[in-house]
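Chain residues, written in single-letter form:
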Amino acid sequence: MNRPLTRILILLLLGAGSFSLATVLQSRAVAWSRRGNSDSALEVLLGDGRRLFANHFFVKADISFHSGYYPSIFDQEQAPQDSHHMTEEGSAHRDAAEEAHERQMSFLGPPRDCLERFGRNFMVTQHSHLAGGNEREILPWLRLSAELDPQRVDTYTVASFWLRKRLGKPKEAEQFLREGLRANPNSFEILFELGRLYQEDFHDDTRARNVWELALNRWSDQEAAKKAPDLLVREEIAINLARLEEGAGNFASAVDYLELAKSSSPAAAILQQQIDELKSKMARRENPAGHAP
Amino acid sequence: MNAIMAIAGVVIKELYRRKDFYVLFVLTAVVTLLLASVKFFDDRNIVRYLKEICLLLIWISALVIAITTAARQIPAERENRTLLSLLAKPVTRGQFIIGKFAGCWLACGFSLVVFYSFFGVVSGSREHSFALPQFLQAFWLQWSMLGIVVALALLGSVVFAAPSSNGTICFVVVGGILLLGRHLNQVALRLPEPRRTLLYTLYFLLPHLEWYDVRDLVVYDQPPVRWAACGLAMLYAGVYTALLLYAAWLVFRRQALNQ
Numbered sequence: 622m623n624r625p626l627t628r629i630l631i632l633l634l635l636g637a638g639s640f641s642l643a644t645v646l647q648s649r650a651v652a653w654s655r656r657g658n659s660d661s662a663l664e665v666l667l668g669d670g671r672r673l674f675a676n677h678f679f680v681k682a683d684i685s686f687h688s689g690y691y692p693s694i695f696d697q698e699q700a701p702q703d704s705h706h707m708t709e710e711g712s713a714h715r716d717a718a719e720e721a722h723e724r725q726m727s728f729l730g731p732p733r734d735c736l737e738r739f740g741r742n743f744m745v746t747q748h749s750h751l752a753g754g755n756e757r758e759i760l761p762w763l764r765l766s767a768e769l770d771p772q773r774v775d776t777y778t779v780a781s782f783w784l785r786k787r788l789g790k791p792k793e794a795e796q797f798l799r800e801g802l803r804a805n806p807n808s809f810e811i812l813f814e815l816g817r818l819y820q821e822d823f824h825d826d827t828r829a830r831n832v833w834e835l836a837l838n839r840w841s842d843q844e845a846a847k848k849a850p851d852l853l854v855r856e857e858i859a860i861n862l863a864r865l866e867e868g869a870g871n872f873a874s875a876v877d878y879l880e881l882a883k884s885s886s887p888a889a890a891i892l893q894q895q896i897d898e899l900k901s902k903m904a905r906r907e908n909p910a911g912h913a914p
Numbered sequence: 313m314n315a316i317m318a319i320a321g322v323v324i325k326e327l328y329r330r331k332d333f334y335v336l337f338v339l340t341a342v343v344t345l346l347l348a349s350v351k352f353f354d355d356r357n358i359v360r361y362l363k364e365i366c367l368l369l370i371w372i373s374a375l376v377i378a379i380t381t382a383a384r385q386i387p388a389e390r391e392n393r394t395l396l397s398l399l400a401k402p403v404t405r406g407q408f409i410i411g412k413f414a415g416c417w418l419a420c421g422f423s424l425v426v427f428y429s430f431f432g433v434v435s436g437s438r439e440h441s442f443a444l445p446q447f448l449q450a451f452w453l454q455w456s457m458l459g460i461v462v463a464l465a466l467l468g469s470v471v472f473a474a475p476s477s478n479g480t481i482c483f484v485v486v487g488g489i490l491l492l493g494r495h496l497n498q499v500a501l502r503l504p505e506p507r508r509t510l511l512y513t514l515y516f517l518l519p520h521l522e523w524y525d526v527r528d529l530v531v532y533d534q535p536p537v538r539w540a541a542c543g544l545a546m547l548y549a550g551v552y553t554a555l556l557l558y559a560a561w562l563v564f565r566r567q568a569l570n571q
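Chains as they are written, first to last, in our numbering: chain A, 622 to 914; chain B, 313 to 571.
If we strip away everything but chain B, and leave its shape as in the complex, we get (with noise of 0.2 Å):
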C-alpha cells in the first residue's frame, strides 16, 4: 500500500507542478467570466446559458487533464529510465500501474474540486441557490467516469507506442461513447443481420460513460438522480476501471521494459 501511495504522490505533485491544470482552469474561468459579463436582452437573471457552457468546459477540462495525465505516465518513465530503477525496488508491476491509477484519478479529482468550486461561485452568485444534492451527484458521476477513462488510458499507454497516438485514439473512443453511446442500440435494431448483433454486442460491451454526465439535470434545474441509481452506476464503472486496468497489467507483465 506504501508503495503504491508513494506512486500516486509522485503523480499527483506532477500535476501541480506541470502547467496544463492552470492553463485549463484559467481558460475556463476566462471564458465563463466574459459570459457571465454579456447582458442579454438587459436581464441580469439569466443563468442556464452560462452554467450550461461552464460545465462543458470542465467536462472538456477534465477530459484532457485524464486522458493527458495518465497516457504519459508509463511511457515517460521509459523515456526518462526511471522505470527500471522504480521497478527494481520492492514495487511489483501491479503495485506500479495501481499506483499510476491512483495518482491520475486522485489527480483529476482534485481538478474537479477546483472546477465545480468554481462553477458553485459563478452558479450561485447568479441563481442565489444552491442545489447541492445535484453538484455533488454532478461531482461524484463525472469522477467515476474519469476512473474508467484513465484506466483506459493506462492500458493504452503500454499497447500504444507513443502517449500522443494513444491520447488520440483515447479522445476518439471516449468522445464516441460519450455522443453515441446511448443510441447504439437504436441503429442496431435498424440494421440487417448479423450487423445487428454485433452492435447490439458492442453496446452491451462498452462502458457507458454517457450515464456519468447529468449536466443536463444539473444546469435545467432537475430533480436528483436517485441514489440506488447513482451507487449502481459507481458499482459499474469500478468494474470497468478494475478490468482494465486487469488488461493493462496482464500486457505490462509480459513487457520488457527497455523497450
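Chain A on its own, in the form it takes in the complex (with noise of 0.2 Å):
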C-alpha cells in the first residue's frame, strides 16, 4: 500500500470515529448543560443571570406604577415587598395592607440639608398610582421580566390583574396565564388567577370551579407542609369557592369552603355569620313549612 492512500485512509478513520463519537455525545452534552435545550435565546445568551434581569424588570414595573416615586436602595424605608399593592381591590384587610404600603411609600421625609431640598425640585416626590388607563404602561416591563425569567409567578398574576380589570384584554389575559402555566404547571396563584378570569371576565362558574379546585389541591400539595404556609391565597381560593357553590344551590359545599377559609382569616367573624346564613338556608330548603328541625 503506497503512503498517501495510507495518510487518506487513516484520515477516513479519524473522521468516522469522530462522527460515531459525535452522535453518542451530543445527546449527553445537551443534558449536561441547561442551555443546550433552552428554547429562549435570553436564556442561552444571560443563563441563570437574567433572573436578575427579570427581577430589575419587576421592579421597573412597580416604579412605573409609581410613577417614578420609589425607594432607592439608599432609602431607610424598602421598596415594597410583595406585589400585592399592585392588584388591591376595596375589601377589609385589603384596605390595612393600603395603609401599610402608604407608610412604607413614605420613605423622604424631611431634607437632610440645603441640597437635598434644592434637588427635590428635579425628582418626583408625591407618591401617587397610576389610573385611568395608563396602568397599561407597566405591561412591557412585565413581558420582559416574563421572558427572563418564566417561573416568577407574581409576572403573570399582576399583568393578568390589570389587562382583565382595567384594560379589557381578558383574552390577552388568558393566554399569559397559560403561558405561565405552562413555565409553572404546578402554580395555585397563577390557577386562581385563571379561575378568577372564567368566573368574572367569560362568567363561565364549570371552568372557574374546576381551576379553582385545582388551585386548591396544588396549594394542598405544595403548602399545607410548610411552616408558613400562604393562608391568603387559600383563603381566597376558598372564598370563590364558596360563592360558586352558593350560586349554584349547593349550601353544604359552600359551607364546607367558608369552614375552611374561616380557620386561616383574620376576618372569621364575618365568615361564621356567613355559615349561618347558609345554614339557615339549607334548612329551609330541608323543611319549606317554616318549621325548624
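Honestly, the hints are just simulated from the structure, not real lab data. Treat the hints loosely; a few may be bogus.
Unchecked claim - Straight-line C-alpha distance at most 25 Å; calculated BS3-like pairs for lysine-lysine:
id	chain 1	residue 1	chain 2	residue 2
1	A	883	A	900
2	B	401	B	325
3	A	883	A	848
4	A	786	A	681
5	A	883	A	902
6	A	847	A	900
7	B	401	A	792
8	B	401	A	681
9	B	351	A	786
Dock chain to chain to rebuild the complex, using the hints, since each chain is given by itself in its own frame.
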C-alpha cells in the first residue's frame, strides 16, 4: 500500500471515529448543559443571570406603577416586599395593606440639608398610582420580566389583573396566564387568577370551579406542609369557591369552603355569620313549611 | 473672542467629520424604532417604556460624545504637533482652553438638538401630545450638566497622560455622581466620625449632576420644574464649569508644550 493512500485511510478512519463519537456524545452533552435545550435566546445568552434582570424589570414595572416615585436601595424604608399593592381592590384587609403600603412609601421624609431640599425640585416626590387606563404602561416591563424569568409567578398574576380589570383585555390575560401555567404547571396562584378570569370575565362557572378546585389541591400539595404556608391565597380560593357553590345552590359545599377559609382568616366572625346564614338557608330548603328541625 | 470662536469652530467641524455622533445617533434610532415596533398585549397606546429607553440612550450617547470629544482635544493637538504652532499665534493658553470648551459644549448642544428632535418625533407620534416645557427643561438641564462634564474632561486631559485613561476616569466619576450623588448624605449619616464628616464634605463639594437628570419628569408626565429652580441649577452648573476650567488653565499654564 502506498503512503498517500494510507494517510487518506487514516484520515477517513479518524473522521468516521469522530462522527461516531459525536453521535454518542451529542445527546448527553445537551443534558450536561441546561442552556442547550433552551427555547429562549435570552436564556442561552444570559443563563441564570437573566433572573436578576427579570427582577429588575419587575421592580421597573412597580416604579412605573408609582410614576417614578420609588425608594432606592439607600432609602431607609425598603421597596414594597410583595406585589399585592399592585393588585389590590377594596376589601377589609386590603385597606390595612394599603395603609401599610402608604407608610412604606413615605420614605422621603424632610430634607436633611439645603442641597437635598433643592435637589427635590428635579425628582418625583408625590406618591401616586397609575389610573385611568395608564396602568397599561407597566405591561412591557412585566412582559420582559416573564421572558427573562418564566418561573416568576407574580409577573403573570399582576399582568393578568391589569389586563382584565382595567384594560378590558381578558383574552390577552388568559393567553398570558396560560403561558405562565405552561412554565409553572403547579402554580396555585396562576390557577386562582385563571379561575377569577373565567368567573368574572367569561362568566364560565364550571371552568372557574374546576380551576379553583385544582388550585386548592395544588395548594395542599405544596403549602400545607410548610411552616409558614400562604394562607391568604387558600382563603381567597376557598371564599371564591364558596360563592360559586352558593350560587349553584350547593349550600353544604359552600359551608365546607367557608369553614376552610375561616380557619385562617382574620375576619373569622364575618365568615361565621355567612356560614350561619347558609345553614339557615339549608334548613329552610329541607323544611319549606318553616318549622325548625 | 475671535480666537476662541475659531478654535471652537474647529472642534465643531471635527464632530461632524468623525463618525462617533452618527454611530451613536443611528444606534439610538434603530433601538428605539425596533422597540416601537413591538406590540405588547395588542396595545398600541403604551409609550412610557419607549420614552424611558430612548432618553436613557440619549443620556448615554451624550455622555460618550462629551467625554470622548473633550478628552482627546489637547492630547491630539500635542500628538499632531499643532499645539505649538497654535499657541505661537496670538492665542493665550486661557483662550485655547475656553475655545476648546466652547467647541465641545456647542458640539454637545448640536448633538442634543438632533437627539431631542428625534425623541420629540417618536414620543409625539405615539402620545399625540407634546409637553414642550418639560422637553425644553430636560434639554437645557442636560446641556448645562454636559458643560460640567466637558470641563472635567478638559481638566483630566491636562492632568492624565492618555485620553483613554482620562476618558475612563471621567466615565467612572460622572457615572458615580449620577448614581450615588443624591444618596451620599444618607450614607454619611450612618457612618461613625470622622468618616461621616469626610463623606458629608465630599457630598457638598461634588457637583450634583443628578439634579440635571429630569428624565422621570418627562417619562411620567409630571409637571415641569419651577423655572427659578432651573435658573439656579444653571447658575450652579456655570460656577462648577468655571471652577474646573480655571483649574485646567492653572495646570495647563505651567505645562511644557513639548511633553
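Hints and how they fare:
no.: 1; hint: 883/A x 900/A; result: holds (15 Å)
no.: 2; hint: 401/B x 325/B; result: holds (21 Å)
no.: 3; hint: 883/A x 848/A; result: holds (19 Å)
no.: 4; hint: 786/A x 681/A; result: holds (21 Å)
no.: 5; hint: 883/A x 902/A; result: holds (19 Å)
no.: 6; hint: 847/A x 900/A; result: violated (32 Å)
no.: 7; hint: 401/B x 792/A; result: violated (74 Å)
no.: 8; hint: 401/B x 681/A; result: violated (56 Å)
no.: 9; hint: 351/B x 786/A; result: holds (20 Å)
Comparing the model with each earlier hint shows violations of hints 6, 7, 8; every other hint is respected.
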